[in-house]
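Participant: Next come the chains, spelled out residue by residue.
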Amino acid sequence: MQRSRVRPHPAALCCMSFPLSLTPFMSSALTYLGPPFNEKDFSPPRPNSTALSLPSAATRLELWHGLENQARLAQNQKAYSVLLAAVRELARSTLCPALKTSLLHFCTGLDGLLGSISALMTTLGYALPPPSANMEMRPTMNDFAKKVEGFWILRELQSWLWRSAKDFNRLKKRLRG
Amino acid sequence: MVLVKGIMMILWLLLVSLFCKSTQDGNGQESGVLHCGSQNLKLTSSGQMILLTWEDTPLCSAVQDVLIYELEVLIADNKEHYDEVAVTPDQIGSTHSWNWTSYLALECTSHSVRLRSRYKNYTSPWNQETLPEVYPKDKHFKVGSTVTFCCVLPAGVVFGKMYLYGYSSADMNTTRISNQTYALTVHLNQASSNSCTNVICELYPSVENGACAYIGYPPIVTDLQCETRDLQSVECHWTYKDSSLPFKSPTEYHLLESPTICAKSPETSCSQTVQVDARERNWTLTASNSLGEVKLSDTADLTKRVHMYPPEGVTALSVNARNVSLEWKWTVQQYYNLSLICQVNINNHGENTISEHFGVGLNFAVLNDLIPNWTYNVEIRCRTAQHFWKWSTWSTNVNFHTKGDVPDALDVWMQVMDNQIITIWKVPLANQSHGHIEDYEVTWTKTTERERRNRTKVAPNNYSLALSLDTTVEHIVTVTARNIHGSSSPSTITIPSSNPDRTRVNTSLIIGSNGSFNLSWSASPTASCGYIVDWCPTLGKCTVEWLKVPPNQTNASIFSKNFKDGLRYTLSVYACTQGAPVLLQRSEGYVGEKKIQDGLFKSFKGQQQNWDYELSWEPISLREQTALIQGYVLYLDDNKKVNFSTDNPEATSLTARNLKIGSYKFTVKARTAVGECGATSITATLNSLTDDLIKTVFISLATVLGLLSLITIVCYRHWTCIKETVYPPIPKPVLTSTGEHGCRHFQVDQCHYSEADIMDVPELYCSAGAPINGLVSQENMPFVFSQTPKGYYNQPLKKYIPPPLTLPSMAIPSQSGLPSSSFRSEFPNLSYNLIMQPGNQQSNLCPELQEGTSLERSSDGYQPHDQTETLTTNQTEEDPDSPMSCVSTYILLPQSSSR
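Respectively, the protein sequence lines represent chains D and H. Counting from 777, one number per residue, gives the positions in the first sequence under the working numbering. Counting from 153, one number per residue, gives the positions in the second sequence under the working numbering.
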């Protein structure tokens, strides 16, 4: 992997310590969706909707590690920008006020993370990826389909958070080294 | 053989050529394009629109021209619609989408879409997707209704099951309508929770679809109550029960049959402008949601239901030391015309006081009796004076700080200590000092000389002053505190003269509880200004604390943060008089008793008294007592209680009675309210009284023996002196002799005998037993008593041995108690030495006295040598056959010079 000569801004590095955790409201969100969504082995087909048009977090590990810093950061940036829009939409359509508050609070953290990734990429001299598709173009979905989509948004979010936490720790070590 | 080989070669060449051809074809661009097609088809719906998304297969990347996708819509397996989608080379690799709106509701029958690619002359096979759906979607149902849901299956999919979560199979019934349609009839008996209820249709292989069902109730609204706040509108409140359709289909509220929505759930109040007049009216609220509608009404005269808004803009005007004026405004002008009651809540460091104020359009209040130099926090609420309905909410809080003032009078007391009078006063609290204390001034004078005042200043951080006063007369001490605003009014105390009679009161005991003393006393007519209770630890120096009690009160609960458990306190009650305080009573006690530590008893010792054992100790000092001692208990071994105890706390001994011989461990404990404690032990052994007697006798004997020995030694060592004192020297007789020695005059001790002369001295020889053969039995020990002047010690005779003399009876000097065992005794004598030797040593060697019979026979037969004596034994009495034969002869002894 090519090491950048540019040192990132300390603030950007600081933000790379991963502050987000999905656990607090993951279970309440699944409870809100109701059974079978909160059952352990339930896995409905992943809808091919705009809300889920994000890079998959399921790329094989060796392939993922083989990518350059820039490519990985770009994928992170793209994934979180899509997920942020999706979680906002999820919050908007949620009928439970407490869950809505939790989701919107999480969006704030996600927005901060996205800003940190952008700042890091800019500091390292990487070009930012183009903004993701406009969510308002989505066709109307029935409530059950929205639940399935919400389920997958949460699942993708969880996968990305796990991956990013490892990525950023690795990146931090490399940049500090 | 050659032919076979030729054929094989040809076949091999053919195979190689085929392989090369196929390889060339496989790598050819045109071949790849022909296999280009669609993948990952997803068919979804929205309303009556169906939406298809798909991707290109990887081989499509080789396409360099427009790629056409052909789409066919099948409704109930009949072709209904055909369409084409053109994909340019730059769109290859992205996800493509297409939609179409059916003229039929999708619930009516199955809708499928099939898709294939066409490039130049090549057309891919069809790729078909059917819309799997559950109907109806997102509908609202009332709890208690029976509903049928249906599931439409795509082609090639097997129906699994259809169900609602949370419902048992008894409530559900699944039926097959056609090959591709199944229905589920369910009795809805529970409302949806959180979100909609999921209706699931499970299909194989692994396709799941579902629908949302909102199951709930029509609006449930109760407790409608209407009022007015501004006298221009009605405001109604109600309580609302969750209908389980909270936001998807919110309940809408209409007031007074108005078509305008007044509120939506979850709101529970709304208002509407009305003409407020003094008459009763019905106030109607209509609540409706997708499942139904309810109406409620409340009858009220709104002029009697005025719920005021709180005062606005509360401010503190003209803040003084002890009063303040508050003002506020009303946002509703009509309030200025109403008769109002307002409450001012005065918060004084957490302590709330409420004052009420009345008036028409009341918008100010004056607060009195405030503490100078003090911060207050106030809030105000109001209501109409007539037809009380509700208080307004509290206004916002307002803080103000009063101006300073002179300090309050000090609380002064006195303490007599080491011939000094200590005037002491309590530290003025912040609400008493009214500003920073700069100093204290103390003046004092004799009561008889009031005009001559002594004066001194005390620093602000000191709160007492020690004065060396003449204690035989009364003094008046006055203390004032001074701050920037001036001096406090003086506090005076009269120091009594030290007349011992005045302070003589009995001290009683008091028991504390819960960290305090509850003290009571008899009322005293002299207590014109009340009572003073002061307290201090009984021992050691202390700073006295006190409490002043009003005259009508004769009890007090004494508490101090300085109180400690296990410490003895003295509490004194004084009568406050116009003159010096008078001591009324004194008590001692513990605010909380603590167990006394072990080893309480000092100089702990015991003494046996016959069969009793008395244990004694030093009187116990108060310092050792961390609890009130009520008595003492004596334990013997293993805490086995014995009835040896006393209830006298002054006791210094306990006696264990009627004990037996043995070793005991005596433990004495003090009895207190917190149990027995302060254990001190001693181990002792009780001896027999006989043992003591024997011991006493032995000791006495040993003492006597010792004394005798001492006397003997002394006598022996000073024998000469004693002898000369007791027996003075007697002049020696002068002998006139014409003997063969030719000595005319000579002294006995100067006359030397030759050995031969000595040999002439006859000896008494006594033999017994078998003297003939010279053997003497041990029992019949022969003794030789010989006269041995000048060192002659009965040596064996060698020169001449006369024939033995046999005595019929003993003629030897006998001493009573002479032991029969063999021993040698020498008694020095100037005139002769008596040497006693066991006969057996010499029986065969020298002439000796052989004792043939018992010594009794000769006990009185031997006389010392004051005379020559002939012992004659009647021979006839002698048994001729007796082995003992004694021959008596003369024994000539020189006269002792001492005699």
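Simulated from the structure, these hints should not be mistaken for lab results. The structure displayed is predicted, hence computed values, not measured ones. The beta carbon of each residue, even a glycine, is placed where N, CA and C say it ideally should be. Heads up, a few of these hints could be off.
Listed below are the simulated DSSO-like cross-link pairs for lysine-lysine, each with C-alpha atoms no more than 27 Å apart in a straight line [said to hold, decoys possible]:
{"#": "1", "chain 1": "H", "residue 1": "K294", "chain 2": "D", "residue 2": "K876"}
{"#": "2", "chain 1": "H", "residue 1": "K609", "chain 2": "H", "residue 2": "K747"}
{"#": "3", "chain 1": "D", "residue 1": "K876", "chain 2": "H", "residue 2": "K609"}
{"#": "4", "chain 1": "D", "residue 1": "K876", "chain 2": "H", "residue 2": "K291"}
{"#": "5", "chain 1": "H", "residue 1": "K700", "chain 2": "H", "residue 2": "K598"}
{"#": "6", "chain 1": "H", "residue 1": "K313", "chain 2": "D", "residue 2": "K816"}
{"#": "7", "chain 1": "D", "residue 1": "K854", "chain 2": "H", "residue 2": "K194"}
The following residues of chain D were derived to be distant from chain H, with all beta-carbon distances above 10 Å [what the hints assert, rightly or not]:
{"#": "8", "residue": "M802"}
{"#": "9", "residue": "S803"}
{"#": "10", "residue": "E844"}
{"#": "11", "residue": "Q846"}
{"#": "12", "residue": "A847"}
{"#": "13", "residue": "T870"}
{"#": "14", "residue": "L871"}
{"#": "15", "residue": "L880"}
{"#": "16", "residue": "S894"}
{"#": "17", "residue": "P906"}
{"#": "18", "residue": "N918"}
{"#": "19", "residue": "K923"}
{"#": "20", "residue": "R946"}
{"#": "21", "residue": "K949"}
{"#": "22", "residue": "R950"}
{"#": "23", "residue": "R952"}
Just a sample of chain H residues kept apart from chain D, beta carbon distances all over 12 Å, derived [said to hold, decoys possible]:
{"#": "24", "residue": "A238"}
{"#": "25", "residue": "S347"}
{"#": "26", "residue": "N350"}
{"#": "27", "residue": "V351"}
{"#": "28", "residue": "I352"}
{"#": "29", "residue": "Y528"}
{"#": "30", "residue": "T798"}
{"#": "31", "residue": "G814"}
{"#": "32", "residue": "I834"}
Participant: Run every hint past the structure and note whether it holds.
Facilitator: Structure-based check of each hint:
1. H:K294 / D:K876: Given pair K294 (chain H), K876 (chain D) holds - Cα atoms ~26 Å apart, limit 27 Å.
2. H:K609 / H:K747: Judged against 27 Å, a Cα distance of about 46 Å means the pair is violated.
3. D:K876 / H:K609: violated (71 Å)
4. D:K876 / H:K291: holds (22 Å)
5. H:K700 / H:K598: holds (24 Å)
6. H:K313 / D:K816: Roughly 19 Å separates the two Cα atoms, so the pair holds.
7. D:K854 / H:K194: Since the Cα atoms of K854 (chain D) and K194 (chain H) sit roughly 23 Å apart, the hinted pair holds (cutoff 27 Å).
8. M802: holds (15 Å)
9. S803: holds (12 Å)
10. E844: holds (21 Å)
11. Q846: At roughly 22 Å from the nearest Cβ of chain H, Q846 (chain D) sits farther out than 10 Å, so the non-interface label holds.
12. A847: holds (18 Å)
13. T870: For T870 (chain D), whose nearest Cβ neighbour in chain H is about 8 Å away, the distance does not exceed 10 Å, so it is violated.
14. L871: violated (4 Å)
15. L880: holds (15 Å)
16. S894: Check passes; 25 Å lies beyond 10 Å.
17. P906: holds (14 Å)
18. N918: Not fine: 4 Å to the nearest Cβ puts N918 (chain D) too close to chain H.
19. K923: violated (7 Å)
20. R946: Holds, because the least Cβ-Cβ distance between R946 (chain D) and chain H comes to about 30 Å, which exceeds 10 Å.
21. K949: Its Cβ never comes within 10 Å of chain H, the nearest being 36 Å, so this holds.
22. R950: holds (32 Å)
23. R952: holds (38 Å)
24. A238: holds (21 Å)
25. S347: violated (5 Å)
26. N350: violated (5 Å)
27. V351: Label violated. Min Cβ-Cβ 8 Å, cutoff 12 Å.
28. I352: violated (6 Å)
29. Y528: Nearest chain D Cβ is 39 Å from Y528 (chain H), so the label holds.
30. T798: holds (72 Å)
31. G814: holds (77 Å)
32. I834: Since the minimum Cβ distance to chain D is about 71 Å, I834 (chain H) lies beyond 12 Å and the statement holds.
Hint violations for this structure: numbers 2, 3, 13, 14, 18, 19, 25, 26, 27 and 28, all remaining hints satisfied.
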